[in-house]
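Peer 1: Letter by letter, the chains look like this.
2 protein chains.
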Amino acid sequence: MRVALDAMGGDFAPDVTIAGAIEAVSEYDLEVVLVGDERKLTDALAGKRYPSGKISVFHASEVVEMDESPSIALRKKKDSSIRRAVELVRNGKADAAVSAGNSGVAMATSLFLLGKLPNVDRPAIATIMPSLTGFFVLMDAGANVDCKPENLLQFAHMGNAYYKAIFNAPSPRIALLSIGEEDTKGNELTKVAFKYLKNAEMNFTGNIEGKDIFLGDADVIICDGFIGNIVLKVSEGLAETIIKMLKREIAGITTGKLGYLMIKPAIRNFKKRTDYSEYGGAPLLGINGTCIISHGRSSAKAIKNAVKVSAEMAKKKVHEIIAHTLMDSAPQGS
Amino acid sequence: MRVALDAMGGDFAPDVTIAGAIEAVSEYDLEVVLVGDERKLTDALAGKRYPSGKISVFHASEVVEMDESPSIALRKKKDSSIRRAVELVRNGKADAAVSAGNSGVAMATSLFLLGKLPNVDRPAIATIMPSLTGFFVLMDAGANVDCKPENLLQFAHMGNAYYKAIFNAPSPRIALLSIGEEDTKGNELTKVAFKYLKNAEMNFTGNIEGKDIFLGDADVIICDGFIGNIVLKVSEGLAETIIKMLKREIAGITTGKLGYLMIKPAIRNFKKRTDYSEYGGAPLLGINGTCIISHGRSSAKAIKNAVKVSAEMAKKKVHEIIAHTLMDSAPQGS
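Going down the list, the protein sequences come from chains G and U. If you read the first sequence in the numbering used here, its first letter stands for residue 1, the second for the next number, and so on. If you read the second sequence in the numbering used here, its first letter stands for residue 335, the second for the next number, and so on.
Okay, chain G solo, but in the shape it has when bound:
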């Protein structure tokens, strides 16, 4: 598999994207095409050690900034690294694209160049979040701010297919994020979506409340992209806040310093277990191809993992499985 990596995307590009690419080709059986400023990338690669022939460079003269709007970037930056990376996928020169750059632009570009799969109305982002027992997939995590019940049903089908293929689970537990477990609890959107999901061919386990999402009782949790983004960001913000507050409290007591040293390995283990970089990034599901969007703050390890997962998704043809699944997925029982 060959992965086109937007080498200029992300807060620490291109150093970290190059390092991630080198780690990826060293550890896994895949190739990486670094897309971006040819001279910069070639210079940076010079003297680095990696399996020969596994990394190549594809020139792109422009870089999309983190705060640019998707419509302007698409119209004006036709030679951007993200756009050239996705073009490589469209033209069959690469099997998957990965970008840690401007996520709105990465989404819009993938959608524009690769197109939607048949029967998909709205592609959606599937983000992995840690739970008490492992992790779960939250989707949509931000691609669609206003959704219809039919969209949520499609998200569930796509998440189901993705989870089965990538995590080798025969029957992922799909739940709908709502404000109560009972069928009747929810807003206008989720009440109708609940009926669709109940009648869909999947292991739908019902509504899940916000307080229960981290317990490990669901594999894929479905919501609209506005709520998904807020849940994701609130969780990130709260986790950071709790750690900060705990550190402040520990620093404020006399036995704190020594005690902290003694539990430090545990804090490290906790951070490792909840580290997003283990999962690498979030695929945009529903497009006709494979594209993974990584966090702007991605480390080399996160890039490596995103490259690995994207190659795996391309190899397993997850997008074709999704297209097949959605051939027969019109809402039932509304």
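The set of hints was computed from the structure by calculation and includes no laboratory data. Treat the hints loosely; a few may be bogus.
Stretch by stretch, here's where chain G covers chain U in the computed footprint (C-beta under 8 Å, at least three residues) [claimed, not checked]:
| hint | segment |
| --- | --- |
| 1 | 394-400 |
| 2 | 541-547 |
| 3 | 561-572 |
| 4 | 591-597 |
| 5 | 602-608 |
| 6 | 624-636 |
The calculated lysine to aspartate or glutamate pairs, modelled on EDC-like cross-linking and capped at a C-alpha distance of 16 Å, are [said to hold, decoys possible]:
| hint | chain 1 | residue 1 | chain 2 | residue 2 |
| --- | --- | --- | --- | --- |
| 7 | G | Lys-185 | U | Glu-515 |
| 8 | U | Lys-598 | G | Glu-249 |
| 9 | G | Lys-233 | U | Glu-515 |
| 10 | U | Lys-482 | G | Glu-188 |
| 11 | U | Lys-567 | G | Glu-181 |
| 12 | U | Lys-545 | G | Glu-188 |
| 13 | U | Lys-450 | U | Glu-421 |
Note that the Cβ used here is the ideal one computed from N, Cα and C, for glycine as well.
Since chain G is already given, all that's left is putting chain U on it; use the hints.
Peer 2: Just chain U now, kept in the frame of chain G:
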């Protein structure tokens, strides 16, 4: 001030509600009417010490269970403790009501018996959440699952008036929960609400993202009740999960036990600082009277604080201030 306390409401009623009532009348200049089974309450009070004449009992023969639906409870349990408590407010026999029972029923009962304030379309729940620097008010925290932009504007006016009165702040910072700071980020609901808020007479500071709500940059954060409930519950669930995971990691290392003992006072301080019971409960704003809804798991301290805050709200006539504020608050600049 006299507060009608639903003595039978909550997971640990009536022991904890009675204990909370005794603490409240002992510490503050107010009276409590315990509403519920007269014999049980009188027996439980016998031999307890509290300022004489500050606690009375009002009989109600029925109790609403935690899982009963509001419509059924309203129709069938006319002698329930929550209903009788709110009736005391309606009939001028009490100044405020507090319940830690079924929150949906408490809301519906207050709304049905006390009615909405003029110019209020939808009453909303104002919940207090801890932040890095103190706390903030999130509203609506669950009363209205489907909202119009006009509703969010009213929530902001109500939250503004409440915050000013109860926390003595001249100009609370009001923010709108969204998926980006820019004016243009959001869903259909929040984009229109943003325009209304920008033109409203209040200190509107713009959109706030999920990751920033705990930083202490906003005093009142506005959202619809579906999202508010999910944010509240996700935060509760995540905080518990993080503490559990940290404890598990600490237990898994050799120096963990001793280290934990040394930082334990800090954990206690952290818990105290983020303890919901400090705030007592969440008022339902927009009704013609004062009603505070407390967590089902409320401790005696939480009940005490809810009683105190409800008396303060009644004394400061927060509902009248809200009615006054909303006289001139039609949306501008849509």
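Peer 1: State for each hint whether it applies.
Peer 2: Evaluated hints:
Counting residues of the segment 394-400 of chain U whose beta carbon lies closer than 8 Å to any beta carbon of chain G gives 0, which falls below the threshold of three, so the coverage claim is violated. Restraint check on the segment 541-547 of chain U versus chain G: 5 residues with Cβ-Cβ distances below 8 Å, three needed, restraint holds. Interface restraint, the segment 561-572 of chain U with chain G: holds (11 residues with C-beta to C-beta distance below 8 Å; minimum three). Residues of the segment 591-597 of chain U lying with their CB closer than 8 Å to a CB of chain G number 6, which satisfies the three-residue condition for coverage.
For the segment 602-608 of chain U, the stated coverage by chain G is satisfied: 4 residues place a CB nearer than 8 Å to a CB of that chain, which reaches the threshold of 3. Here the segment 624-636 of chain U counts 0 residues with a CB under 8 Å from a CB of chain G, which misses the bar of 3, and the coverage is violated. Proposed proximity of Lys-185 of chain G and Glu-515 of chain U is contradicted: the alpha carbons are some 31 Å apart, above 16 Å. Taking the CA atoms of Lys-598 of chain U and Glu-249 of chain G, the gap is about 10 Å. The hint holds against a cut of 16 Å.
Annotation: proposed proximity of Lys-233 of chain G to Glu-515 of chain U holds, straight-line Cα distance about 13 Å (limit 16 Å). A threshold of 16 Å between alpha carbons decides the hint, and for Lys-482 of chain U with Glu-188 of chain G the separation of about 13 Å falls inside it, so the pair holds. In summary, the hint linking Lys-567 of chain U to Glu-181 of chain G is supported, as the alpha carbons are separated by about 13 Å, within the 16 Å threshold. With a CA separation close to 26 Å, the supplied pair Lys-545 of chain U and Glu-188 of chain G exceeds the 16 Å bound.
Annotation: proposed proximity of Lys-450 of chain U to Glu-421 of chain U holds, straight-line Cα distance about 15 Å (limit 16 Å).
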